Amino acid sequence: MGEQRLTSQVCCGCACLCDDIDLVVRDGQVVEAANVCQWGLARFTGDKKYGAGLPRKRCRGPRVRTGATSWSPTHLEGALDAATEILAKASRVVVYGLCQLSQQAISALLDLRRGRPTLWIPSEGPLWETALHIYGQHPVPMTTLEEVRNQADFVLFWGANPLRSCPRLPARYALFPRGRFTERGQEDRRAFTVDIQHTEMERITPLLVVRPEEEPELVAGLRAAWEGRSDPRPSGVSPKEVKKVLQALEQSSYRVFFAGRGTTHNEAGGALLEELCSWVEELNRQAPTFFMPLASDFNTLGFIRQFVTCGGLSRPEWSLEGDVRRWEPRPGDVLLSVSGDCFWFLTEQQKDSIGRLSIPTVAVSTYETQTTAEAQVVMDVGLLGIDTSGDAVRMDGVGVCVEHIRTADQPSDVEIFQQWLRLGP
Amino acid sequence: MLKKIVECLPQTDCQMCGMTCADFAGFLLSGDLTTAECPVLQEPAYAEKAAALQELLASLARRAKSGHLIDVSRCNGCGICVIVCEYNLANSAACRLGKGPAADEKVALRVVNGQVVLADENLCTRLLQAADKCSKCQDHCPTQAIVLV
Chain A
1 MGEQRLTSQV
11 CCGCACLCDD
21 IDLVVRDGQV
31 VEAANVCQWG
41 LARFTGDKKY
51 GAGLPRKRCR
61 GPRVRTGATS
71 WSPTHLEGAL
81 DAATEILAKA
91 SRVVVYGLCQ
101 LSQQAISALL
111 DLRRGRPTLW
121 IPSEGPLWET
131 ALHIYGQHPV
141 PMTTLEEVRN
151 QADFVLFWGA
161 NPLRSCPRLP
171 ARYALFPRGR
181 FTERGQEDRR
191 AFTVDIQHTE
201 MERITPLLVV
211 RPEEEPELVA
221 GLRAAWEGRS
231 DPRPSGVSPK
241 EVKKVLQALE
251 QSSYRVFFAG
261 RGTTHNEAGG
271 ALLEELCSWV
281 EELNRQAPTF
291 FMPLASDFNT
301 LGFIRQFVTC
311 GGLSRPEWSL
321 EGDVRRWEPR
331 PGDVLLSVSG
341 DCFWFLTEQQ
351 KDSIGRLSIP
361 TVAVSTYETQ
371 TTAEAQVVMD
381 VGLLGIDTSG
391 DAVRMDGVGV
401 CVEHIRTADQ
411 PSDVEIFQQW
421 LRLGP
Chain B
1 MLKKIVECLP
11 QTDCQMCGMT
21 CADFAGFLLS
31 GDLTTAECPV
41 LQEPAYAEKA
51 AALQELLASL
61 ARRAKSGHLI
71 DVSRCNGCGI
81 CVIVCEYNLA
91 NSAACRLGKG
101 PAADEKVALR
111 VVNGQVVLAD
121 ENLCTRLLQA
131 ADKCSKCQDH
141 CPTQAIVLV
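These protein sequence lines map, in sequence, to chains A and B.
Here the first sequence is numbered in UniProt numbering, starting from 1 and rising by one per residue.
Here the second sequence is numbered in UniProt numbering, starting from 1 and rising by one per residue.
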């Protein structure tokens, strides 16, 4: 195969979908990747995301369980037949993962489940479930990352650590680059981070540390002070810091609020995001102000968009659940895990219920995971952006075409679901 | 870095080397003196500190001419250093816009395999002008992977 030099490849490491990656591919393996962060590198090299250099074990071909510890290798058609048989007996299919599939695959999967009882649990669910609910209440606008780079002079990260979820976001768009109206880069921006703990963000932005239960109160306090209803004295944060935030806000002409997963990690998460969005809506009447949920899985917004577009929220046979830990397994359920390790996130109680109720699992996965170890049917799938091509949607809603970099034996996610669709229910 | 060296010294300010521990640390950092010139550090009671100091100074020996000491285990490849680097900003349109530089672009810093590397240390402002002219990569590094010594 020899050596190939590829430029401007798209990285599916996170929802930034960076498009400036230069790769050296030798015999189908990425041997050098330029302009890629650690998360992206793990994607390209097939290593563990949080353990640089530790390779992940790939699924080798489709297989069907024949006993407690025995498997029988099969071909894709055989695995699909077995999976179809399992799904046909289901009174409800619980689909987990979804946020790392291509748009085409999501579309085919939604078609596959049309008219059939399905519980959808996106892997990046909690934040987006709340955000979806809020979008129904407030006209909260989003903007593109390029516009953030070009115009944003006030950036607030709430419950977000982009250095962990989207490492290149501060450098590429949010804090440091120079844009059309931010010609001096960071000097033209005022940025703050609000979090419940000290993070690396405090080295690049002022960090306001607040107790989890006081977060909604802090937004309400900031809002009240902004409206001149009270002194800037929200609990937990010094008035001096609050004053700085309000001052920067007043001087700004284009504001972006990034909300991270941290906002949904406590019981008050819904109330916090509600208050935050309501404030953004109000601020937007004075100057452009945007609310951007910070997704980490690369096609989270792609799934949400596709789900909403095909009427997912209004279909009586479908329901959307943000947090997999809230799923209560019941007799007749079948778990379909696509591009995610569902069992990793389940509670012991849920795992017990799955065992007790003999809930079968079908896994579509690139790598061996806890879920593939528990599954009755496993289908291996090519990795988008490495083995297969497809479309994805960036965290700001911009569609991106992702090209493969090598020829793979594994089928693409869309091939699997389209073939499944042809087999019928 | 100076603080770390001082921490590895006896900190008795005994002046047996002719100066205070802080001043001695400065000379160790510049390479003008060696640990052997601190008599107190040779005592068995300070063996642990002496070993730590040796290790620290060995890591310093790996620093680039420009003074960059990069701890790759801390770097997450966020690329902030590449974007704020004065040379990169002045010479790469891609870097100004927050993108990573193309392979054929002449830049001082770039991210390769998820970690920052000195692509050409001779282009660093610290070498082109003066060491105190720029420390932006160190100042903005959120993980403290870059230390300038």
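Treat the hints as calculated values from the structure; they're not laboratory data.
Note that the structure is a prediction, hence the values are computed from the model and not measured.
Take these hints with a grain of salt, some might be off.
The calculated lysine-lysine pairs, modelled on DSSO-like cross-linking and capped at a C-alpha distance of 30 Å, are [to be verified]: (1) B/K65 - A/K243; (2) B/K106 - B/K49; (3) B/K133 - B/K49; (4) B/K136 - A/K244; (5) B/K65 - B/K106; (6) B/K136 - A/K49; (7) B/K65 - A/K240.
Checked hints:
For the hint pairing B/K65 with A/K243, the CA-to-CA distance comes to about 44 Å; that exceeds 30 Å, so the pair is violated. As the CA atoms of B/K106 and B/K49 are separated by approximately 42 Å, the hinted pair breaks the 30 Å bound. As the CA atoms of B/K133 and B/K49 are separated by approximately 33 Å, the hinted pair breaks the 30 Å bound. Pair hint B/K136 plus A/K244 holds up; C-alpha atoms about 24 Å apart against a cutoff of 30 Å.
For the hint pairing B/K65 with B/K106, the CA-to-CA distance comes to about 18 Å; that is within 30 Å, so the pair holds. The suggested pairing of B/K136 with A/K49 holds, with an alpha-carbon distance near 28 Å, which does not exceed 30 Å. Restraint check for B/K65 and A/K240: the C-alpha separation of about 42 Å exceeds 30 Å, so the hint is violated.
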